Structures are given as structure tokens and as C-alpha cells.
Amino acid sequence: MLKYILKRILSLIPVLFVVSCVIFLVVYMIPGGPATALLGMEATPDQIDALNAELGFDRPFLVQYVDWFTNVLRGDWGESYFLHQTVTSAIAEYFVPTLSLAVFAQIIALILSIPLGILAAYKRGTALDLTCVTASLLGSALPGFLLSMFLMLFFGVYLHWFPVAGYAALSEGLGEHLRYLFLPALSLGIVQAAYLTRMTRSSLLETLYKNYIQTARAKGLKEKKVVMKYALKNGAPVILTAVGQSFGSLITGTIVTETLFNIPGLGMLTLTSINRRDVFVIQGVVIFVTLLYVIVNLIVDILYGFTDPRLRPGRK
Amino acid sequence: MMEEKKNETLLEIKELKVSFPVHKKWLPAVDGVSLEIHPGEITGIVGESGSGKSVMSQSILRLRDHDTAVRYEGEILFEGENLLQKPLFRMRDIRGNQISVIFQDPLNSLSPVHTVGNQISEVLILHKQLSKEEAGKRSIQMLKMTGIPDPEACMKKYPFELSGGMQQRVMIAMALACEPKLLIADEPTTALDVTIQEQILHLIRDLNERLGMSVLFITHDMGVVSRICHSVKVMYLGQVVEEAQTQELFENPCHPYTQGLLACIPHLRVERGKELPVIQGSVPSLSNIPEGCHFCTRCRLADDTCRNCPPPLVEISPGHKVKCWKYADGAKEREVTAS
Amino acid sequence: MLIRRKSISAASEAIFREQRTLKKEKLLANPALIIGFVGFVLIVLLAVFVPIFNSTDPNAMEVTKRLQPPGDGYLFGTDEFGRDLFVRVMYGARVSLWVGGCVAIFSCVLGTIIGIYASYFKVLDQILMRICDGLIAIPGILLAIALIAALGTSSWNVILALTIVYTPSVARTVRVSALVIKEQAYVEAAKVQGFSNFRILWRMILPGVISPLTVQASFIFAQAIISEASLSFLGAGIPAPAASWGNMLESSKMVFSRAPWTMICPGAAVILCVLSLNLLGDGLRDYLDPKVKGGKKKA
Numbered sequence: 001m002l003k004y005i006l007k008r009i010l011s012l013i014p015v016l017f018v019v020s021c022v023i024f025l026v027v028y029m030i031p032g033g034p035a036t037a038l039l040g041m042e043a044t045p046d047q048i049d050a051l052n053a054e055l056g057f058d059r060p061f062l063v064q065y066v067d068w069f070t071n072v073l074r075g076d077w078g079e080s081y082f083l084h085q086t087v088t089s090a091i092a093e094y095f096v097p098t099l100s101l102a103v104f105a106q107i108i109a110l111i112l113s114i115p116l117g118i119l120a121a122y123k124r125g126t127a128l129d130l131t132c133v134t135a136s137l138l139g140s141a142l143p144g145f146l147l148s149m150f151l152m153l154f155f156g157v158y159l160h161w162f163p164v165a166g167y168a169a170l171s172e173g174l175g176e177h178l179r180y181l182f183l184p185a186l187s188l189g190i191v192q193a194a195y196l197t198r199m200t201r202s203s204l205l206e207t208l209y210k211n212y213i214q215t216a217r218a219k220g221l222k223e224k225k226v227v228m229k230y231a232l233k234n235g236a237p238v239i240l241t242a243v244g245q246s247f248g249s250l251i252t253g254t255i256v257t258e259t260l261f262n263i264p265g266l267g268m269l270t271l272t273s274i275n276r277r278d279v280f281v282i283q284g285v286v287i288f289v290t291l292l293y294v295i296v297n298l299i300v301d302i303l304y305g306f307t308d309p310r311l312r313p314g315r316k
Numbered sequence: 001m002m003e004e005k006k007n008e009t010l011l012e013i014k015e016l017k018v019s020f021p022v023h024k025k026w027l028p029a030v031d032g033v034s035l036e037i038h039p040g041e042i043t044g045i046v047g048e049s050g051s052g053k054s055v056m057s058q059s060i061l062r063l064r065d066h067d068t069a070v071r072y073e074g075e076i077l078f079e080g081e082n083l084l085q086k087p088l089f090r091m092r093d094i095r096g097n098q099i100s101v102i103f104q105d106p107l108n109s110l111s112p113v114h115t116v117g118n119q120i121s122e123v124l125i126l127h128k129q130l131s132k133e134e135a136g137k138r139s140i141q142m143l144k145m146t147g148i149p150d151p152e153a154c155m156k157k158y159p160f161e162l163s164g165g166m167q168q169r170v171m172i173a174m175a176l177a178c179e180p181k182l183l184i185a186d187e188p189t190t191a192l193d194v195t196i197q198e199q200i201l202h203l204i205r206d207l208n209e210r211l212g213m214s215v216l217f218i219t220h221d222m223g224v225v226s227r228i229c230h231s232v233k234v235m236y237l238g239q240v241v242e243e244a245q246t247q248e249l250f251e252n253p254c255h256p257y258t259q260g261l262l263a264c265i266p267h268l269r270v271e272r273g274k275e276l277p278v279i280q281g282s283v284p285s286l287s288n289i290p291e292g293c294h295f296c297t298r299c300r301l302a303d304d305t306c307r308n309c310p311p312p313l314v315e316i317s318p319g320h321k322v323k324c325w326k327y328a329d330g331a332k333e334r335e336v337t338a339s
Numbered sequence: 001m002l003i004r005r006k007s008i009s010a011a012s013e014a015i016f017r018e019q020r021t022l023k024k025e026k027l028l029a030n031p032a033l034i035i036g037f038v039g040f041v042l043i044v045l046l047a048v049f050v051p052i053f054n055s056t057d058p059n060a061m062e063v064t065k066r067l068q069p070p071g072d073g074y075l076f077g078t079d080e081f082g083r084d085l086f087v088r089v090m091y092g093a094r095v096s097l098w099v100g101g102c103v104a105i106f107s108c109v110l111g112t113i114i115g116i117y118a119s120y121f122k123v124l125d126q127i128l129m130r131i132c133d134g135l136i137a138i139p140g141i142l143l144a145i146a147l148i149a150a151l152g153t154s155s156w157n158v159i160l161a162l163t164i165v166y167t168p169s170v171a172r173t174v175r176v177s178a179l180v181i182k183e184q185a186y187v188e189a190a191k192v193q194g195f196s197n198f199r200i201l202w203r204m205i206l207p208g209v210i211s212p213l214t215v216q217a218s219f220i221f222a223q224a225i226i227s228e229a230s231l232s233f234l235g236a237g238i239p240a241p242a243a244s245w246g247n248m249l250e251s252s253k254m255v256f257s258r259a260p261w262t263m264i265c266p267g268a269a270v271i272l273c274v275l276s277l278n279l280l281g282d283g284l285r286d287y288l289d290p291k292v293k294g295g296k297k298k299a
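Protein chains in written order, with the UniProt record's numbering: chain A, 1 to 316; chain B, 1 to 339; chain C, 1 to 299.
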């Protein structure tokens, strides 16, 4: 098992190398250097040149890249010109609400999608299946922030069940924390569930017609056990992979939704940084979220090894 | 003891007809099959793919009911009880307990993500209400009985870690765990190498003698039939065309189809370079079954009667029945006078 | 006699040999394709013709007519600057279709070139696919945000950023189908006969990747529309006064609790457009897949 995990980690090296190049290039490419972005339109060419020189952007490309890359590895991701703090500390500060929201949304998505997907596959061709398929089709055509606005309007403005916007930190009590996060998490969860329901359904449609299902039935097992033990466990790798791969869109969805609900998370940080063209912060957020995404998928791959014995090394 | 039991029937199928909907029409995959299985007997069913033999065997346990629309007519009596009238959930007490099945492709018929031990003990926990430990012990016994070396180690393995022959032994151990009265073997040797095939056949025959269970053996291979079955039914397009004791059938095959099947078995005596005989044509699809004798499109002897009227199943000697006009001249007249 | 569930299942179909279904029958049995296609064509026609026949300026503000509800002279109502929402949604359709269409076309062309060459030359494959892996590892909208933050907001930069985001997945799809075709006997034969690589790639392999490509193009089109809306919503999309669906939603952020139509109208436009494109993609996939017969997929 250890060998398998190590192999997976090693295979990440080229990916992360490319990612670092891309992220570095994004800032390097800015016409006139990062100083143009930071200082804005009013700056004189002299000021821009001076700042570029100060930041080291007048050096040769490779020197800049190596310097930047070692800094990133050391945890020095630059400094925000507007927040007067380091990028890493800014990200650490703004990450908590985002994480909380993403986890909450993922839980809602799983609670909705797994049972629905299983039911739809099992009752395939029935009205229930058709409803599930239509709903997930609608859900996948819906940008998360749009659903957020609908929910905000309905539950917040008309029914007053939940606060329209805002955020309560965990220190203010779990109940209050969740009450504020509920609407954004629900909207993100529904969009996520639309995709996961489709994947669960198609994965189970595949396994439900396999020979071992017939064997399980021929043993006299209850249908519930046939589906939950055999069809679901055999379909689990596909569902797990889908969860991992959709994590990226969940996080970006979180970023967009946060700005709507005024949640002080990475999304807010990104939004304010876009408006100020605070490129180092944006760069930092991209590095951070990408790392997070890659790590989540690594964990999924390792779990994959646990659900499918054929992938476990040490076995034939 | 065996002698007494011979007279009772364990399973009796009467005029079974199984249909599936295709393009809004019900097409029969099994069309009026009757058979009786006595305790301790191995009954063979032979036919090409598409002859309905697998559908018939699955109908006994109603395995098709779960994923398609099926229409049954006729009766399947197991110890006097009509299985076709039982609610589906009642079938669970019979499946794996009184009647077990082993399938053609052992690798795909075992779940790849559960251990062998888990899959065998599960049946015992379910039907015999054993505890996990007891079920484990009994499973090891079963594996030992099927001739698996080092059964303890095998319990912890996953199916893909075993060879094809071992996988089929695991299937057999699983099927026999609850000592069923009837074992349905649906082409159990087709996917295996010839030497392994022989071992599995030997195992089934041996277990049949030791445990006294009946076997319904389904295959397309006449050679396999001759080595294991007491009696044989030959199926073509959902109907039984000929039935007899194995020896009788091999010595005196009457239906042109049976004769064709037997001629297809390669003999060592066949001259080198000489082509193996084949039955010409292929099985027609169920949507255009001929009106008269189902075999008429491929039969050398077919005449107008064969093409227009379905032949009756006539008994030409005790226990030997044929569905062919060639043997039914007397019967034809009788039918005319009766109507 | 027993009659069980009415669905025709793959299992029973396997027994009965399927009759060959005519293409027309397959098309009629595929409502997703028909609905998606009709919906998409309708949206395109509206986007093209409404602004031609309706001379209202989408950016004309009328301070006295702020936040008018739908009806009475304004079909979809007005926004907080008194601009006609119906006209703006139609102009927004032009922007969204333009951005989505350009991204779909550019990323498919680029992705095809990369994918086909990668499938054919081993060393190139290693390099190109590692780059694609890296790009795919960065969540799409974030990469686009970073690119736009660096390059500045303009509709061309949005198209450029989204093209970079979607090209790697096209390249992968094309590469996989091209690898399958490459192994076919007729391609081997062409190699032996000394056909030029260029001719093999573009004359023999390209036609085989067209159908997965069309399917993916329609999904990318849909995704790009959602992404454009999200980017504009964050202020990293089409610059402000221009009418785009994302911009309209962004500006409705402040007023939609008082004037829900400012959100519902552009929102519904996004949903309908993306839904049509997704249906079109689903339908095309079934239609072009030889394994699917008469609209029902074999398990």
C-alpha cells in the first residue's frame, strides 16, 4: 500500500511543475510587468520601472522563475500591496469560512445525490428515474450563484427562514455558524448533487446488470443487500472519482457564491484582489486551491485503492 | 434409499412458456417445455445459444424478474409448490437454500471487491442463521470438499487472485453450502480449459453421488452431456425436440437436429483433412420463427407438412420422445381422428 | 401468468437479435437531440434578429423609469438605471453566444491539433500531455480569473482565458480516440504504403475524432457560457456597461430582493441556453454512438 501511495505522489511531480510554470507565467506575462497592474493607470513609467526593479521583475526570466519557485517552496508567497500582510497569512485568514462552506456543501451534495442516484438506477425507466434525470439535467445547467440568488430571495427575503447574507464564525456557536452557511451551502450542494446523482446513477446502471448481481440474487439475498453490498461497493470507485474531480468546481463555486453572501472567505479575497489587480494574492489563491485540489484527488486515489482490491499492490 | 426416492419428482415443469417484450410484442424464449427431475438425478439440457435453455433455467429461480418484464405461462412445481405463483420475496427462501445455481463465467459471477470467504459465509449466515465464526468454519469445509488446496488461505483471497478452475470451485462451494436439493449448472465448464473442465465435471458427478442432490445441467456440448447426465433433453428455439436416457439418445438419435449435433463432435477417427460436418444455416431470430416445425429452415428432410404444421412430441420407445413428423405418421392420423 | 416491470431491459434485448434501426428512427427516438437543437436555434435566432428589429439602445438609461416591473411597455421590466431588460437580455445573448461559440471553436481547433499530434508522436505526447495534466489540475475559473487579472478585462481576454482552460480536455479526448483509430488496420496499411504523416493524420485519423469532438464542443459551449457569467459576476468578465448575462446578474446583486425580475430574466436566459446545449450534447452523444440503438442504450 505504501508503495502505491508513493508512486501516486511521485507522479504528481511533473503535474505540479507544469502548474508552477503556468502560474508563474501568468504574472510574468502582464504587459509592462506586475507594477503596471499594482500601480494602476495613473502611475508614471518611472514609478513603474522603479517598482518592477524593486520586485526583481527586471531580471532574466529563468532567474526570476527559480527565485520565485524556491520562495514558494519555502512558504514565501509574496506580499499583498493593499492588505499589508503576506499572501500566506491572508490566505490562512480567509480560508476558514471557505473550507467550512465547501465541506458543508459537499455533505449536502452527498446526502442528496447518493440515495437519489441509487434509487434512479434501481427503478430505471420509471417516473422516479425520469424525475431524477430531469432534475439533475436542470441542476447541471444552473450556475451556482444563480441558484444562490433564487434561494436567497425565497428563503431569506420572502420566508425569512434564514439570514439573507452574512457570516457567523464558528466561535459564535455551531448553530449560528450553520444557520448563516445553510443557504450558500444548499445552493452549492444542489449544483454539486446534480452531477454526482448522474454519476452515481450511471455507475450503478453499469454494475446492476453484472453477473455477480445475478449470483447475489441467486443466493437469496434481499434486494436491499444486493444493491447496497454488491452494486454500490462495485460502483464506488466511479462515484469516488467523481467526488474528487468535482471538488475543483465546488471550490470555485464557493468562491463565486461567497461574494454574493458576503462571507469573508477566499472568494471575497479574490474579488477584492481582482478589483485592485492585486496579482500576488490572486497568484497565491490559485496556488493554494490547486494544491488543495491535487491533494483531495490524491486522497481519493488512495481510497480507491482501498475499495478496489485489484489495485492494491502486494496482491497478485 | 435412492431407489424409493426415484419415484417422487423433485421438480416438475409443465408446459412452461416464458416471454419477453420486444417492440411491443411478447416473444416466447421458452415455448411449452415440460420436464421432471427426480431426486439424485442429473438431467442435461443441450442446445445452441438462443435455444432458450438458459432462460428456462433462470425461470426456475425467477432470476429474470428483477430487471426485465417477463411473462410466464405454465407451472414450475418444486416439491409440489408452484414457484410461478409465489411472490418474489418468498423466492428468497428457496434461492441458494433449496435450489442453487452456478454460472458460466465464474470470474464475472463473483463480486471482485469481496473476499471469497465473505461471499460463501454470507449464504450460511442468511439461510442457516449461523454466526460469523461458524459460517467461516463451514465455508472452509465446503472449500475443502470442492478440492481447493489450502482453503483457509483461499477464504481471504479475492476472486481475481484465483485461477478459472478455482473460481468455479468457489462458485460450487457457495452453491452447495446450504445443501440444496437441486443444483442448476448453467454451462459451468464452458469458460474453462479442457483439463479443468474434466476436473469440474468429475467434481459435480462426485458431489451428486455423495450428497444425493439433483442436478440440472445445461450445456451446448454433447461430449460433456455423455460424461455426466443420466437423461438428456435437446432444445431448439424454446422447445424440447428430443428427450431420452443418455445412452439411448447417443445410440439412437432420432431428430435430425440431434443427429446433426452428434455429428459435430470431432472424433479421433475422422480422417485428416476431411471437413467436420456442420448444421447448415443459423438459429433464426425469435421474431421470425417458422410456422411449422421450428427446425424446418435448417433440416435436410423438411417437406411441406414440416413447414406448415408444428409436429407433436411422440414417444417412440419408453422414455424416448421426439418432436418430428418423420416419427409421427401414426400420431398424425390419430390427431386428425381426434379432432 | 405474471407481468413484471414494463421497461425493456438490455438483458432481454441481448437474447433477441436487434433489428437494424434506421437513422431516422434513431433520430426520432432521441428527444434530447431534437429539443436541444430547436432550443438552441431559437436562442440564436432571437439573439440575431431582435436587436435588428428593435432599435432601443441597450445602454439607454431612463432615470424616471428605474426598476419598472415587467409588462407595460417593458416586456422584462427595467433595471436600476432604467434600461430595458428585454433588449439587454437579447444583446446579452449575442455576447454569451459569441464568447461561448468562440471558446468552443478555438479550444476544439487547438485541442484537435494538439491531441492528434500527441497521439502520433511519442515524445511530443509525453510533453504535451504533461502540460495538459498541469493545466487540468488548476480549477478552471480560477485559472481564468488569474489570466484576466493579469491581462485586464475585455471580451477577447475572456475568450483567450477560457480557451486556455478548455483546450487540454479537448486534447485529451481527441488523443484517446485518435489512439484507437491509429491501431486500425487501414492506418497501418497506409503507413506501409508510404503515405505522408500529414496525410494520415488529417485524412484518416481526423474524420474518426469528429464525432466525439462535436459532442464535446457543445458541452464546452455550455460550460463557457456558465463560466463567462461567473467571471462577469465576479467583475473579471466582460467590462461593465456592455450587456452580458453575467453583468446583468452582477448588477442585479444589489437590487434583486426588491426587483427579482432583474435576476430572473437574465438567469432564465442562462439556464435555457445552457440546458439546450447540454441536451444537444447528450443527444448528439447517443446519436453518434453506434452502440446506442433506437435511442435506448445497451447496458
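Treat each hint with caution, since some may be false.
Pairwise CB distance ranges, derived in the manner of DEER restraints [as the list claims (entries may be wrong)]:
{"id": "1", "chain 1": "A", "residue 1": "75", "chain 2": "C", "residue 2": "268", "range": "32 to 38 Å"}
{"id": "2", "chain 1": "A", "residue 1": "75", "chain 2": "C", "residue 2": "31", "range": "54 to 60 Å"}
{"id": "3", "chain 1": "B", "residue 1": "190", "chain 2": "C", "residue 2": "210", "range": "52 to 58 Å"}
{"id": "4", "chain 1": "C", "residue 1": "203", "chain 2": "B", "residue 2": "280", "range": "42 to 48 Å"}
{"id": "5", "chain 1": "A", "residue 1": "154", "chain 2": "C", "residue 2": "62", "range": "53 to 59 Å"}
{"id": "6", "chain 1": "C", "residue 1": "124", "chain 2": "A", "residue 2": "89", "range": "54 to 60 Å"}
{"id": "7", "chain 1": "A", "residue 1": "172", "chain 2": "C", "residue 2": "123", "range": "53 to 59 Å"}
{"id": "8", "chain 1": "A", "residue 1": "89", "chain 2": "C", "residue 2": "268", "range": "38 to 44 Å"}
{"id": "9", "chain 1": "C", "residue 1": "289", "chain 2": "A", "residue 2": "16", "range": "32 to 38 Å"}
The hints are simulated quantities; they were obtained by calculation from the structure and are not laboratory data.
Please read these numbers as outputs of a predicted model, since none were measured by experiment.
For each residue, glycine too, the CB sits at the ideal point set by N, CA and C.
Tested hints:
no.: 1; hint: A:75 x C:268: 32 to 38 Å; verdict: violated, 46 Å
no.: 2; hint: A:75 x C:31: 54 to 60 Å; verdict: holds, 55 Å
no.: 3; hint: B:190 x C:210: 52 to 58 Å; verdict: violated, 40 Å
no.: 4; hint: C:203 x B:280: 42 to 48 Å; verdict: holds, 43 Å
no.: 5; hint: A:154 x C:62: 53 to 59 Å; verdict: violated, 30 Å
no.: 6; hint: C:124 x A:89: 54 to 60 Å; verdict: violated, 42 Å
no.: 7; hint: A:172 x C:123: 53 to 59 Å; verdict: holds, 58 Å
no.: 8; hint: A:89 x C:268: 38 to 44 Å; verdict: holds, 42 Å
no.: 9; hint: C:289 x A:16: 32 to 38 Å; verdict: holds, 36 Å
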